[in-house]
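Kindly produce the complete structure, drawing on both the sequences and the hints.
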Amino acid sequence: MTRSGTSSQSRQRELATEVASPAEIVPIGSVAVYERELDYLCRTLRRLGVSPSDIEDLAHEVFLVLHRRWADFDASLPLRPWLFGIAFRVASAYHKRAHREVPRSWDAWTEVEDLGQRPDEAAEQRQRRALLLAALEHVPLERRAVLVMHDLDDASMRDIASALSIPRFTAYSRLRKARRELDEAVHRLVERGL
Amino acid sequence: MRRQSWRGLGVQALLESERGVPPVPTDLRSRAVRRARRAVVEGRPVSIVAVRPRRPRWAIAAASVLVVGALATAAIERRPRPAPSETVVATPSPPALAASPRIAAPEPDLTSFDPPRHLAAARQPHRALSQEEEYARELRLLQPAREALAREDFASALAATAAHERRFPRGQLVEEREALRIVALAGARRTAEARAAAAAFHERFPHSLLQKRVDGALRGLP
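Protein chains in written order, with my numbering: chain F, 1 to 194; chain W, 195 to 416.
Hints listed in this document are in silico derivations from the structure and should not be mistaken for laboratory results. Everything numeric in this text was worked out from a predicted model, so none of it was measured. Only true hints are included.
Computed Cβ-Cβ distance ranges for the label pairs, DEER-style:
id, chain 1, residue 1, chain 2, residue 2, range
1, W, 406, F, 177, 35 to 41 Å
2, W, 349, F, 172, 46 to 52 Å
3, W, 334, F, 92, 31 to 37 Å
4, F, 167, W, 400, 28 to 34 Å
5, W, 224, F, 138, 31 to 37 Å
The C-beta atom is built at its ideal place from N, Cα and C for all residues, glycine as well.
Written out as structure tokens, the structure reads:
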């Protein structure tokens, strides 16, 4: 389950490069950042259990918070964990807000996202992602956030703890539990035939 | 059996398949960006500081977790932005927009940083909105500078910042413009000018969030 440290670090470097890229460019506004990171934000919201039909609205909520807090952002830190922290809070509020139907099927968006792959690859990829996202739904949100940040975004524990405002030890503990819960959920879903 | 093979591959393989971020559909993207720009324009040229509500506990905690958080906190206290935002505090702030429904058709074309023309025309009688237009225009002028820097076309970046300076010598994005200019000067290896401009920048914006970017640009210069 644990990736090699080297791979993780190199991914992190790649991600950092990508996020800050080009490093010398000065951000001039929240809209520009939002535009650049929209794909990431939408995917993050989806991973945090936001229904595809609500993603557009929730992304806008994230933007409004991002816009208000832009001056809070410490430019020396990686951007994505900070954005994730906002998305996490918006998604948490969304889940608490109202009874909602948890979608079990994919909509047009997920069809589009696989464009560019061979049809058979796209189908398999889609199925895998569907299984993973369905399993993630079984991991409580606060633990899912740590797992998504660490195992999908390759964020460092320091950044995760900071973004979610939790002690680092708590972050490690949540990651451990979340991995176990995800593993169990995947196996349950596979047993049931998804 | 595909399911069996998934099982064989394990959760790690599933995670691998979810790595990376697929692009959102273009229509969603254009709607989302348009909506964001509109929120900024209609929510007024929000000085982020002016409308910033009390920092929630999580933000304070985050700042305390990281020593560098102090930097950001210091920056919040400053942002010596020109006054327009001061008059804006009581106006609709972004949170108020959160509840607004999706934009009703017909939508103005906000794909550029220009304010929507027909809206701008309709608003002309309301003088208070001129600041919004200015903000949008400032952004529009500086955007090419960023794009030019991205492709390392420093001359064009400098031309864009000069155009902004001519049009908005005391604009709301002066700090950003100066930072862009310094990065461009450094890129063009105009060392003396870059250093002088950076010194002026530090003096004028002592708590700027962009200081690290500015310093980073100077690093490595002869």
